[in-house]
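Chains A and B are the protein sequences, given in the same order.
Residue 213 in the UniProt record's numbering sits at position 213 of the first sequence, with consecutive numbering throughout.
Residue 462 in the UniProt record's numbering sits at position 462 of the second sequence, with consecutive numbering throughout.
The set of hints was computed from the structure by calculation and includes no laboratory data.
Incorrect hints may have been included.
For chains that are exact copies, the list does not tell them apart, and a pair is met inside one copy or across any two.
Dumping the calculated DMTMM-like pairs for lysine to aspartate or glutamate here, alpha-carbon to alpha-carbon at most 20 angstroms [what the hints assert, rightly or not]:
id	residue 1	residue 2
1	Lys154	Asp136
2	Lys379	Asp305
3	Lys19	Asp85
4	Lys154	Glu143
5	Lys325	Glu426
6	Lys280	Asp59
7	Lys388	Asp305
Protein chains: 2
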Amino acid sequence: MHTPAFSSEVYTRRRDVLKRNVASGIIILPGNNLSPMNYADNTYAFRQDSSFLYYFGLDVEGLVSIIDVDNDREILFGNNATVDDLVWTGPKPTVQELAHLVGVRDAQPLRALASFLQNATARKQTIHWLAPYRPDIAIALSEWLTLPLQAIQKDSSRVLVQAIMNQRIQKSDEEIAELEKAVDVSVDMHVAAIQSVRAGMFEYELVSCVEAVATAHYCRTAYPSIITTNGQTLHNHYYGNSLEEGRMVLCDSGAELPSGYCGDLTRTFPIGKRFTTKQKEVYQIVLNALLTAESLLKPGALFKDIHLTACRELTRGLQQLGLMKGDVEASVHAGAHALFFQCGLGHLIGLDVHDMENLGEDLIGYDDEVVRNPQFGIKSLRLGKRLKEGFTVTVEPGLYFIPELMEMWKQEKKLDAFINYNALDEYKSFGGIRIEDNCLVTASGSRILGKPLAKTIDEIEALRG
Amino acid sequence: MHTPAFSSEVYTRRRDVLKRNVASGIIILPGNNLSPMNYADNTYAFRQDSSFLYYFGLDVEGLVSIIDVDNDREILFGNNATVDDLVWTGPKPTVQELAHLVGVRDAQPLRALASFLQNATARKQTIHWLAPYRPDIAIALSEWLTLPLQAIQKDSSRVLVQAIMNQRIQKSDEEIAELEKAVDVSVDMHVAAIQSVRAGMFEYELVSCVEAVATAHYCRTAYPSIITTNGQTLHNHYYGNSLEEGRMVLCDSGAELPSGYCGDLTRTFPIGKRFTTKQKEVYQIVLNALLTAESLLKPGALFKDIHLTACRELTRGLQQLGLMKGDVEASVHAGAHALFFQCGLGHLIGLDVHDMENLGEDLIGYDDEVVRNPQFGIKSLRLGKRLKEGFTVTVEPGLYFIPELMEMWKQEKKLDAFINYNALDEYKSFGGIRIEDNCLVTASGSRILGKPLAKTIDEIEALRG
């Protein structure tokens, strides 16, 4: 029943590159297990580890892969199904059959893993692993490697992280094709949201519309959907509010294909048929920032610079609305815009919605050239470094009117050379606007992934009918 | 934004009962944390621990409760929101405010917990905890209690398990009202499934219909939905098959309310408008077993006996079809029916779909009077013991034609005094049928929870239009 996304040659080639770059030792890449909800056997939907998916392609729980770089071979460890498994979960391929699907010759039972690793240690082979983000994997590595839990986190392999990062960060054609498909489904999810919203609905009813589209395409959501009338909260996962005429919905939701590739789109639209004038004004500022940022994506550009350009664009717009003032450059340098744009412009996207975030956000998004700035606002920029062809990124500027934060800054008179605090009162219940596309950096610039989705005020209103 | 399901008096009363039954020491009940999917910050939907929900009612991650039985007081440990939390996840009540909602006076930051427990240990207070089913909780308990991970699993409190089990197993009126609501939503999910199915659809399209109904009621699914044309696999979570005229769909899906209470229903229905004659014959056997079993539910009855009565009913029906033969009593005693009914008749249901399974299936479903039978089939009966008023259970007989298992038994000539192996060939691609209700044991008998749902052949076909 299980089919990897690509041919076995793709995975073999990827592992060959990894072996060359890691150079020596043994790599252990554990696949994920099922995660318990409220007892061991009632589990969340399985989500495979993305690096395991990238190199071994098997969307099956309970597998552990070994790449023995020194001896140029791979082994897949796992347990074959029992008669009870047959009854409860149906006939399954053997571990040997699974290994064959992705070009791996050796398969062994899971109980053989600990002694395999102990023998490798005795032979003085270096063992490379990634710092685990799931506690069950941390415990398992600690047992297999006979190391304390702290050492499992602390002594993970920087060489392995760099090698995986350098390989996964530039998307191949077959990966780009998958990302296009994921964005296409995500577009359908947003069209359903924009067309279905009505005053008097509850947020969860709109969640139902959006997620049903993902499921009907045999996809899942790539991350918990943000579908809210309180768009000023960046990651709002509460769905209990009723939707009122005159307000907007911010919908940030994306599909994850069975192959693991993700879409991540945001649109903000009126609950009634039309935006109000005030909503249009703010919307247009965010849209301008988005279009400006997208026009600057190209190999060699620093994503941090594009972020700052978007911040200047937002600042200029807010000045025209009378909410900000002063020299734009100085204002952005001081971080005044972060009262309204508290986060970063975007992030890498791929097999993870924040691609490779488990490898370490700083290692993925920054490098020796560009270091993370700890200032409020830009400290949350997940990607700062220089773009290369084949990078896939989100671009997602926004303006968020968080009443508690505005009040806090106002009390402190924070950066009041740049902010007209007295003008803010009438935006206290405005909410927030974010517009987000997924883009591929091409040889000469960039293009938006997936089929077109309403983005201008007119296009959104046209979809509202 | 967060409202517990019941008034603070309900939780206070429940904790008072628990304190009386545990008698002395300190109880630590950790709430659940968010569970990572593919990196730490991309998490599954939060699912609170059910015992935490029962005694503390707060559907909020990252909390730990202490019940100091010796000093008759409770403390809620947790961290208040930071400015970053405000921006990313919105304004939140303080831990003190949360504690107040459920009648707890003391609130403390999480960092105070370890020293609190160390002081208690120094004072020779016994500390009671449950064996954790989530690895992050196991690691946390190991750190807080300065005990090795193995000790956390091994030295959990039998006294606490018994006290919680005795209290949670008999549902109060307010709990029964929640269960009725959960079953009502589950009924709507099944009506949508039966009315939407069409030949040519894929299973995942039907999953989309069913789960959209749950979400539209602000519910989640209580467990991974089983929506499959291969109903012979008991817990089939693959949704990639196309639905073909002449076959059936087995739909086993239930809603979980925001309060945590669950529904768990199964219906099996034709993909075309009508069952075939062969399908009707098997369906009627399962339905007879269901109705017989439900008629026997009452305080004092052994659920194991009701299971065995259902097995005899199924055996009689299979004999009439010519698939089985011989003395019915002897056949059931030998476990011959388990070729077609490989599992148990039902289980407890409540805040967990298999209620309290995390406390230990044998402790919950069996006792000194009724011990689990290791024979294939009945070994999977999750509930054996004597029923009491207020128990809520599923009743879910089925007939499952697993080709690989039939072939295996045939080769072994297993129990061939009771099975007509030559007659099985024409059932090799039949699939499986399960029909499942949720029932409350009342003072005098039982009643089915929730609003009526099509169950007879005629009722199902009427819904197919």
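Tested hints:
1. Within a single copy, Lys154 and Asp136 get their C-alpha atoms as close as 16 angstroms, and across copies as close as 18 angstroms, so both meet the 20 angstroms cut-off.
2. Taking the shortest alpha-carbon separations for Lys379 and Asp305, only the intra-copy value of 14 angstroms comes in at or below 20 angstroms, while the best inter-copy value is 64 angstroms.
3. Taking the shortest Cα distances, Lys19 and Asp85 never come within 20 angstroms of each other, neither inside one copy (35 angstroms) nor across copies (41 angstroms).
4. Both within a single protomer and between protomers do Lys154 and Glu143 lie at most 20 angstroms apart by alpha-carbon distance, with minima of 16 angstroms and 17 angstroms respectively.
5. Taking the shortest alpha-carbon separations for Lys325 and Glu426, only the intra-copy value of 17 angstroms comes in at or below 20 angstroms, while the best inter-copy value is 81 angstroms.
6. Taking identical chains as interchangeable, the C-alpha atoms of Lys280 and Asp59 are never at most 20 angstroms apart, the minima being 44 angstroms within one chain and 37 angstroms between chains.
7. For the homomeric pair Lys388 and Asp305, the shortest alpha-carbon distance inside one copy (15 angstroms) is at most 20 angstroms, but the shortest distance between copies (69 angstroms) is not.
Hint check: violations occur at hints 3 and 6; the rest are consistent with the structure.
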